Amino acid sequence: NAGVTQTPKFRVLKTGQSMTLLCAQDMNHEYMYWYRQDPGMGLRLIHYSVGEGTTAKGEVPDGYNVSRLKKQNFLLGLESAAPSQTSVYFCASSYPRAQPQQPQHFGDGTRLSIL
Amino acid sequence: RKEVEQDPGPFNVPEGATVAFNCTYSNSASQSFFWYRQDCRKEPKLLMSVYSSGNEDGRFTAQLNRASQYISLLIRDSKLSDSATYLCVVNYNQGGKLIFGQGTELSVKP
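For the protein sequence lines, the chains are A and G, in the order given. Here the first sequence is numbered in this note's numbering, starting from 1 and rising by one per residue. Here the second sequence is numbered in this note's numbering, starting from 1001 and rising by one per residue.
No lab work stands behind these hints, which were simulated from the structure alone. Check before you lean on any hint, since a few could be wrong.
The calculated lysine-lysine pairs, modelled on DSSO-like cross-linking and capped at a C-alpha distance of 27 Å, are [as the list claims (entries may be wrong)]:
| id | chain 1 | residue 1 | chain 2 | residue 2 |
| --- | --- | --- | --- | --- |
| 1 | A | K57 | A | K9 |
| 2 | A | K9 | G | K1097 |
| 3 | G | K1042 | G | K1002 |
| 4 | G | K1045 | A | K9 |
Fair warning: this is a prediction, and the values are worked out from it, not measured in the lab.
Next up, chain A with everything else stripped away, as it sits in the complex (with noise of 0.2 Å):
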């Protein structure tokens, strides 16, 4: 049982490249979500979903998309990468509401540098 996958697990990019984070859950989980660490903040949620074909904004989405295609998998886009995106990116995936003392699942992360 995988549980949470990402990949990449580490990126460099330059000023002004996109690229796409996946994130890939094997649990049957509704909910999924990303996150940015960055260190003295802790974790900041970007976009989250509640099921396929769904997303919604969270703490800091700007400069960001996400994709909802399947249900076990979130897609993280930058579209035009900025330095201040340089961060490390969690997924994370749940139970739906209904079980409210369910808690999240992380993948590993992604160690995202932009020149």
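Once you've looked at the hints, dock chain G against the given chain A.
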């Protein structure tokens, strides 16, 4: 005011010590509470959920005080392997979103 606030630490304690972390949250409608552990440059992992009546898991005890809107984590008989950052997490039950505190760093020394 941040929605979830923690003492950032670091807490430097000797092996065998008892250490307590506190966390406050701003939304009185919050329904679910967790403590996560994060090792350096790794993903957060669930340590324990926090229930209204308080709960214990081995050396770890979590307490919830809804009236004062704070959560605590007590670690007894600290081990070297307990060294990590501990994240206080609150679920507002709005689409399953979790709000993370900035974390409290713990360093257990021999």
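Please name the hints from earlier in the document that this structure breaks, with their numbers sorted from lowest to highest. Of the numbered hints, all hold.
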